[in-house]
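Asks: Given chain A, work out where chain B should sit, using these hints.
Next come the chains, spelled out residue by residue.
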Amino acid sequence: MAIDLAVLMSQVSQGDQRAFEALYRDTSGRLYALVLRIVRRRELADEVLQEAFVKVWHAADSYQPERGAVHHWLSTIVRRTAIDRLRKNTGELVVEPMSDWESLADMKPGPAEQALRDADSRRLSRCMDDLDEHQKHSIALAFFQGMTHRELAQHLDTPLGTVKAWVRRGLDRLRSCLRESAS
Amino acid sequence: MNYQDKELQQRLAAEYVLGTLQGLARRRFQRLLADDLDLQQAVKVWERRLSPLALGLPNEAVPEAIWTSIRERIGLSAQQPQAQMMLVNAQTLKRLRTWRWAAMGNAAVAAGLVVFIVFGALKNAIHRQPITDLAVLSSAQAEPVWIVRQRDVSTLELSGLSHIVVPAGRVLELWAIPAHGAPVSLGLLRISAHDQAQVSLVTLSLQRLKQAKTLAISVEPIGGSSTGAPTGEVRYSGKVVI
Chain A
1 MAIDLAVLMS QVSQGDQRAF EALYRDTSGR LYALVLRIVR RRELADEVLQ EAFVKVWHAA
61 DSYQPERGAV HHWLSTIVRR TAIDRLRKNT GELVVEPMSD WESLADMKPG PAEQALRDAD
121 SRRLSRCMDD LDEHQKHSIA LAFFQGMTHR ELAQHLDTPL GTVKAWVRRG LDRLRSCLRE
181 SAS
Chain B
1 MNYQDKELQQ RLAAEYVLGT LQGLARRRFQ RLLADDLDLQ QAVKVWERRL SPLALGLPNE
61 AVPEAIWTSI RERIGLSAQQ PQAQMMLVNA QTLKRLRTWR WAAMGNAAVA AGLVVFIVFG
121 ALKNAIHRQP ITDLAVLSSA QAEPVWIVRQ RDVSTLELSG LSHIVVPAGR VLELWAIPAH
181 GAPVSLGLLR ISAHDQAQVS LVTLSLQRLK QAKTLAISVE PIGGSSTGAP TGEVRYSGKV
241 VI
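Protein sequence lines, in the order shown, are assigned to chains A and B. So in my numbering, the last spot in the first sequence is 183, and the numbers never skip. So in my numbering, the last spot in the second sequence is 242, and the numbers never skip.
Mixed in with the good hints, there may be bad ones.
[To be verified] If you want a taste of the chain B side facing chain A, the calculated C-beta under 10 Å gives, among others: (1) 17; (2) 39; (3) 47; (4) 49; (5) 57; (6) 60; (7) 65; (8) 69; (9) 73; (10) 143.
[Unchecked claim] List time: in silico BS3-like cross-link candidates among lysine-lysine, alpha-carbon distance up to 30 Å: (11) 88(A) with 136(A); (12) 239(B) with 210(B); (13) 164(A) with 136(A); (14) 6(B) with 136(A); (15) 213(B) with 136(A); (16) 88(A) with 6(B); (17) 213(B) with 239(B); (18) 88(A) with 44(B); (19) 6(B) with 164(A); (20) 210(B) with 164(A); (21) 44(B) with 6(B); (22) 55(A) with 44(B); (23) 88(A) with 164(A); (24) 88(A) with 55(A).
Just so you know, these hints were derived from the structure itself, not from any lab. Since this is a predicted model, take the numbers as computed values, not measurements. In this text, a Cβ means the ideal position worked out from N, Cα and C, and glycines have one as well.
With the rest of the complex left out, here is chain A (with noise of 0.2 Å):
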């Protein structure tokens, strides 16, 4: 598995529509798993995937290879579409079970092996193992599950502003730990 994204990258920013179908055949499987996560209902992941990688086609020549690789990038753009497209429909909250709840809340970064290679995800792999239980937690359902403080609070069943306290301190720990593994 050699697909060099980044090539295929550079020639949808000069409009290569076969590179975009090449690029979105190989990333949008991952990508769609990501939104199904956070939105949690199929027409709307359908909606966020297909609005997420217009956007994709649009601002290809923005991305910049120094700020990391495709994936990323694309998976950012991904998860901002999906997150912004939760956060305008206020209020509504659909928990579907989910088999695999609770062991995507423990996921660290990568069962893939290509994961395992990227030093940014092994960084990020050991910072989430420093994090306490409660942050960990808390840090990955928001991240998968696209959930709110409020959905976190009802879902772990705690108080709001432990809750909050959680996501907060997780957050700065994380940073803290990434900024000296990165020096």
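Replies: Chain B only, in chain A's frame:
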């Protein structure tokens, strides 16, 4: 709230990226983000920090309708313009003719061929049959032109990604190139309508295919190369992905 406070900026950016910043606070943050370079930078850094989490997810089958809608929304044509592909410039052709086959791996790079390998890319989308994607063959301009799949032990299927034009009185021949050694023929392409083609494999070709690191297509006289090695120009090539 003092948005100039660096610590606060960091926290808001982190929660914005994570998605826990919501409602009024999120909208206010988005408004500030539009003009504030520091905030934009903080958001980018957080996106970079957290995005590796997403890499670990397994693939999910994507409904084909999504791609159709994307294509419609950005005004992509279903078919590529036909002329574009065959415009191989004279310089490139010359280089291709002098291409030394035995050193093909390096020569491909030297000749400026960018090889695309689309791993399983179209597997889910186009066919549900248990067929294997073998390679994507690109033109001298690095445009992906053929997807090569193995349908069964005796048939290779090639799908043209653009309109394929074969010069009159010529045929296309598919070659397998092992890691070390000369190219060996896998057979001639039987091109049908809609830019689809098939190559029938005999036992010998199957063994050759197994050892192939690269596949390539050359233009040959009717009946195929008579020398056992490519004689005409090499139009397409690509690495074998499995």
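Asks: Look at each hint and say if it fits the structure.
Replies: Hints versus structure:
1. 17: With Cβ-Cβ at 8 Å, under 10 Å, it holds.
2. 39: 15 Å, violated
3. 47: Since the shortest Cβ distance to chain A is 4 Å, the answer is holds.
4. 49: 6 Å, holds
5. 57: 4 Å, holds
6. 60: Holds: closest Cβ of chain A sits about 4 Å from residue 60(B), inside 10 Å.
7. 65: Hint on residue 65(B): holds, closest Cβ of chain A at ~7 Å, below 10 Å.
8. 69: 5 Å, holds
9. 73: Holds: closest Cβ of chain A sits about 5 Å from residue 73(B), inside 10 Å.
10. 143: 6 Å, holds
11. 88(A) with 136(A): At roughly 26 Å apart (the allowed maximum being 30 Å), residue 136(A) and residue 88(A) satisfy the hint.
12. 239(B) with 210(B): 13 Å, holds
13. 164(A) with 136(A): 13 Å, holds
14. 6(B) with 136(A): Judged against 30 Å, a Cα distance of about 24 Å means the pair holds.
15. 213(B) with 136(A): Distance ~44 Å between residue 213(B) and residue 136(A) Cα, so the pair is violated.
16. 88(A) with 6(B): 27 Å, holds
17. 213(B) with 239(B): 6 Å, holds
18. 88(A) with 44(B): Judged against 30 Å, a Cα distance of about 22 Å means the pair holds.
19. 6(B) with 164(A): 20 Å, holds
20. 210(B) with 164(A): Roughly 57 Å between the alpha carbons, so the hint for residue 210(B) and residue 164(A) is violated.
21. 44(B) with 6(B): Measuring from Cα to Cα gives roughly 15 Å; hence the hint holds.
22. 55(A) with 44(B): 17 Å, holds
23. 88(A) with 164(A): The given pair, whose Cα atoms are some 21 Å apart, holds under the 30 Å limit.
24. 88(A) with 55(A): 18 Å, holds
Violated hints for the displayed structure, listed by number in ascending order: 2, 15 and 20.
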